[in-house]
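Heads up: the sequence lines are chains A and B, in that order.
Under my numbering, the first residue of the first sequence carries the number 1050, and numbering increases by one thereafter.
Under my numbering, the first residue of the second sequence carries the number -2, and numbering increases by one thereafter.
Do not take every clue at face value.
Cut-off 25 Å, straight-line C-alpha distance, at most; resulting in silico cross-link-like pairs (BS3-like, lysine-lysine) [claimed, not checked]: (1) Lys1054/A - Lys1128/A; (2) Lys1123/A - Lys208/B; (3) Lys(-1)/B - Lys1063/A; (4) Lys1297/A - Lys1128/A; (5) Lys208/B - Lys1057/A; (6) Lys1206/A - Lys1128/A; (7) Lys1077/A - Lys1265/A; (8) Lys1163/A - Lys26/B; (9) Lys1161/A - Lys1128/A; (10) Lys1122/A - Lys1161/A; (11) Lys1123/A - Lys1206/A; (12) Lys1063/A - Lys1128/A; (13) Lys1057/A - Lys1265/A; (14) Lys1181/A - Lys208/B; (15) Lys1077/A - Lys1063/A; (16) Lys26/B - Lys1182/A; (17) Lys26/B - Lys96/B; (18) Lys1123/A - Lys1063/A; (19) Lys1181/A - Lys1206/A; (20) Lys96/B - Lys1063/A; (21) Lys1256/A - Lys1297/A; (22) Lys1182/A - Lys1163/A; (23) Lys1067/A - Lys1054/A; (24) Lys1182/A - Lys1123/A; (25) Lys1122/A - Lys1057/A; (26) Lys1163/A - Lys1057/A; (27) Lys96/B - Lys1122/A; (28) Lys1123/A - Lys26/B; (29) Lys1161/A - Lys26/B; (30) Lys1054/A - Lys1206/A.
Derived list of chain B stretches under chain A, where covered just means 3 residues or more per stretch with a C-beta under 8 Å from a C-beta of chain A [stated by the list, open to error]: (31) 15 to 25; (32) 106 to 120.
Just so you know, these hints were derived from the structure itself, not from any lab.
This one's a predicted model, so the numbers in the text were calculated from it and none came from an experiment.
Glycine included, C-beta positions come from ideal geometry on N, C-alpha and C.
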Amino acid sequence: MIEVKDLKKSFEDKAILKGISTYFEPGKTNLVIGTSGSGKTVFVKCLVGLLQPTSGSVFYDGIEFTALSNREKKQIRTKIGMLFQGSALFDSMTVEENVMFPLNMFTNLTAKEKLNRVNFCLERVNLVGANKKFPGEISGGMMKRVGIARAIVLNPKYLFCDEPNSGLDPQTSLRIDDLLSDITHEYQMITIINTHDMNSVMGMGEKVVFLHQGYKEWEGSSQEILHTDNELLYNFIFASEFLKQLRKGITNSTPLIKPDK
Amino acid sequence: MKFFYHFGRYVLMMRDMFSIPENYRMYSKELFRQMNGIGIGSLIIVGVISLFVGAVTALQFSYQLGSTFFPEYMIGFIVRDTMIIELAPTLSGLVLAGKVGSNVAGELGTMRISEQIDALEIMGVNPQGYLVMPKILGAIFIVPPLIVLSAMLGIFGGYLAAENYGISPANYQKGLLYLFDPFNVVIMTVKSVIFAFLIASVACYQGFFVKGGALDIGKASTRAVVFSSILVIFFDYIVALVMT
Ligand SMILES: Nc1ncnc2c1ncn2[C@@H]1O[C@H](COP(=O)(O)OP(=O)(O)OP(=O)(O)O)[C@@H](O)[C@H]1O
Ligand SMILES: [Mg+2]
Chain A
1050 MIEVKDLKKS FEDKAILKGI STYFEPGKTN LVIGTSGSGK TVFVKCLVGL
1100 LQPTSGSVFY DGIEFTALSN REKKQIRTKI GMLFQGSALF DSMTVEENVM
1150 FPLNMFTNLT AKEKLNRVNF CLERVNLVGA NKKFPGEISG GMMKRVGIAR
1200 AIVLNPKYLF CDEPNSGLDP QTSLRIDDLL SDITHEYQMI TIINTHDMNS
1250 VMGMGEKVVF LHQGYKEWEG SSQEILHTDN ELLYNFIFAS EFLKQLRKGI
1300 TNSTPLIKPD K
Chain B
-2 MKFFYHFGRY VLMMRDMFSI PENYRMYSKE LFRQMNGIGI GSLIIVGVIS
48 LFVGAVTALQ FSYQLGSTFF PEYMIGFIVR DTMIIELAPT LSGLVLAGKV
98 GSNVAGELGT MRISEQIDAL EIMGVNPQGY LVMPKILGAI FIVPPLIVLS
148 AMLGIFGGYL AAENYGISPA NYQKGLLYLF DPFNVVIMTV KSVIFAFLIA
198 SVACYQGFFV KGGALDIGKA STRAVVFSSI LVIFFDYIVA LVMT
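With these hints in hand, go ahead and build the complete structure from the sequences.
This is the structure in C-alpha cells:
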C-alpha cells in the first residue's frame, strides 16, 4: 500500500499541493483526476521522489520513502515503473532498445529471453513490428505506448502512469485501459494513473481521487461518481450536456445539486 | 555568490557520479559509445587543423628566419617543440571545447528537458553515474591519444610546408631529433588530461542542470563552449607555470 500523509508542495511561494492525504491499495486501479494544471503531475512526481515535497510524507508498504537516502530510494525504485506525460523515451535508442533497457540494466536474462519479453510487452500495447524504429520516427500516441511497455517490462510492484491515453484514439485508449487494469489485477500491482479521460474514469476507476486547487476535493469509486452530490466533481466529470444526459439515462435521477449553478 | 552556488553543485555532481554501477556491461558499453563519439567524431576536424597549423608554423618561421644565419634544421626543431608543448594540446583543446562541449551539453540538456534523466532515476539508475561519468572518463581516455596524433600531424604538416619552401627533408628531420626533451611530451600529456576533464565536466554540468525549454538547451551549449574554452586557456597557463 502507498500512503500519502498531508503532502504539500510549493514552488517558491506558489502552493500547488496544499495538504493531501490518501492511500492506494494493491490490485486496484487508482485514478488521480483534476483539471489541467491542478497538480496531478506534481503529485505523482512527489510520490516517486522526483520532486521533494515541501512537507508531508509518503509511505511505501510502511516504509517512509520521503525520509530515505538516495541509495535507499534506489532500492524501492527498481520496483517502480513509470510512464511520463511526455513519454521520456531515450531518443538515441530504438523502440526495442528502449523497452529492453531496464532488462539490460537489471536482469541477467539471455538475449533471447529479453527479446521475448520485449516483444510480449510491445504486443500488449498493440505495437507489434515497431521494434527497429526510433522515437523520432513514431507518433506521439505510439511513443506513449512504448513508454507503457518500458514501464511494465520488469513487472513493477508500483506502477505510475501520467496520462497514459491522452492523444490516443478511443479504441487504442480502451485497449490501454484494459491492459493497465488487467496487469493491476493479475500481479496485484499498486497502480496510480493520472487522467482526465472520462472513459477511463468511468470504465476503470476503482478508486478515484479528485484534486482541486491543491486539495483532495473528493475520493471514491466511479460508481459513486454517478451519484455524487459534489458540485465541483459533477461539473468536472459531466462537463458536456451530452454526458449529463447520459448520466441521467443511466442513473435515472436528476442530480441533487443544481447543475452549473 | 553565484559562483559558489555553481561550483558547489558541480562538485556534488562529481561526487554523485561515483557509485557502484547497476550493471557493468551497460556502463562499459556507454563508455565506449562516448569514446567513439568524442574521439572518432573529432578526428577529422582536429586532424585538418593540426596539419595546417604545423604547415603555417613551418612557413612563418622559415620566412622570418630566412634572412638570418640560423641553420635550416632549426625549422624542424621549432615546429616539433611548439606543436608538442603548445599548439597540439591547446588548439585541439579549443577545438574540442567547441565540438564536444556543445555536443555533450546539448545531449544532456535534451535528456533533461524531455525527462529522460528523470526516467533513468525512476528506474533506479544513477543518472550521474550512467550519463556523466562515461563522458568524462571517455574524454580522459580518448583526448590524449587524439592530441598525440594532432602533434604528429602538425609535425608532418610542417614537413610538407618546409619541403615546399625549399628546406631539405634531411635537414627538417635532423631538426626533429635535435635537443629532444621527453619531458615536453609529459607536459603535453598532462595538459591533454586536464583539458579533457575540464571540457567534458563543464559541458556535462551545463547540460545536466538545464531548466526550461529548447531555448535553454542552446544557451547551455553556448555556456559550455565559452567556459570550457576559457578554462582551457587558463589551465594552459597554470600548467606552463607549474611545469616549466
Ligand atoms: N518545476 C516547476 N516549477 C514551478 N511551477 C511548476 C513546476 N512544475 C509544475 N508547476 C506548476 O504546478 C502546477 C501544476 O502542474 P502539473 O503539471 O502538475 O499539472 P497537471 O495537473 O499535471 O496538468 P495537465 O493535466 O495539464 O498535465 C502548474 O500551475 C504549474 O505551473
Ligand atoms: Mg500533467
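Here's how the hints hold up against the structure:
no. : hint                  : verdict
1   : Lys1054/A - Lys1128/A : holds (21 Å)
2   : Lys1123/A - Lys208/B  : holds (24 Å)
3   : Lys(-1)/B - Lys1063/A : holds (24 Å)
4   : Lys1297/A - Lys1128/A : violated (42 Å)
5   : Lys208/B - Lys1057/A  : holds (22 Å)
6   : Lys1206/A - Lys1128/A : holds (5 Å)
7   : Lys1077/A - Lys1265/A : holds (19 Å)
8   : Lys1163/A - Lys26/B   : holds (17 Å)
9   : Lys1161/A - Lys1128/A : holds (23 Å)
10  : Lys1122/A - Lys1161/A : violated (31 Å)
11  : Lys1123/A - Lys1206/A : holds (14 Å)
12  : Lys1063/A - Lys1128/A : violated (32 Å)
13  : Lys1057/A - Lys1265/A : holds (11 Å)
14  : Lys1181/A - Lys208/B  : violated (31 Å)
15  : Lys1077/A - Lys1063/A : violated (33 Å)
16  : Lys26/B - Lys1182/A   : holds (21 Å)
17  : Lys26/B - Lys96/B     : holds (22 Å)
18  : Lys1123/A - Lys1063/A : violated (29 Å)
19  : Lys1181/A - Lys1206/A : violated (28 Å)
20  : Lys96/B - Lys1063/A   : violated (40 Å)
21  : Lys1256/A - Lys1297/A : holds (22 Å)
22  : Lys1182/A - Lys1163/A : holds (18 Å)
23  : Lys1067/A - Lys1054/A : holds (11 Å)
24  : Lys1182/A - Lys1123/A : violated (30 Å)
25  : Lys1122/A - Lys1057/A : holds (20 Å)
26  : Lys1163/A - Lys1057/A : violated (40 Å)
27  : Lys96/B - Lys1122/A   : violated (36 Å)
28  : Lys1123/A - Lys26/B   : holds (22 Å)
29  : Lys1161/A - Lys26/B   : holds (19 Å)
30  : Lys1054/A - Lys1206/A : holds (21 Å)
31  : 15 to 25              : holds (count 5)
32  : 106 to 120            : holds (count 10)
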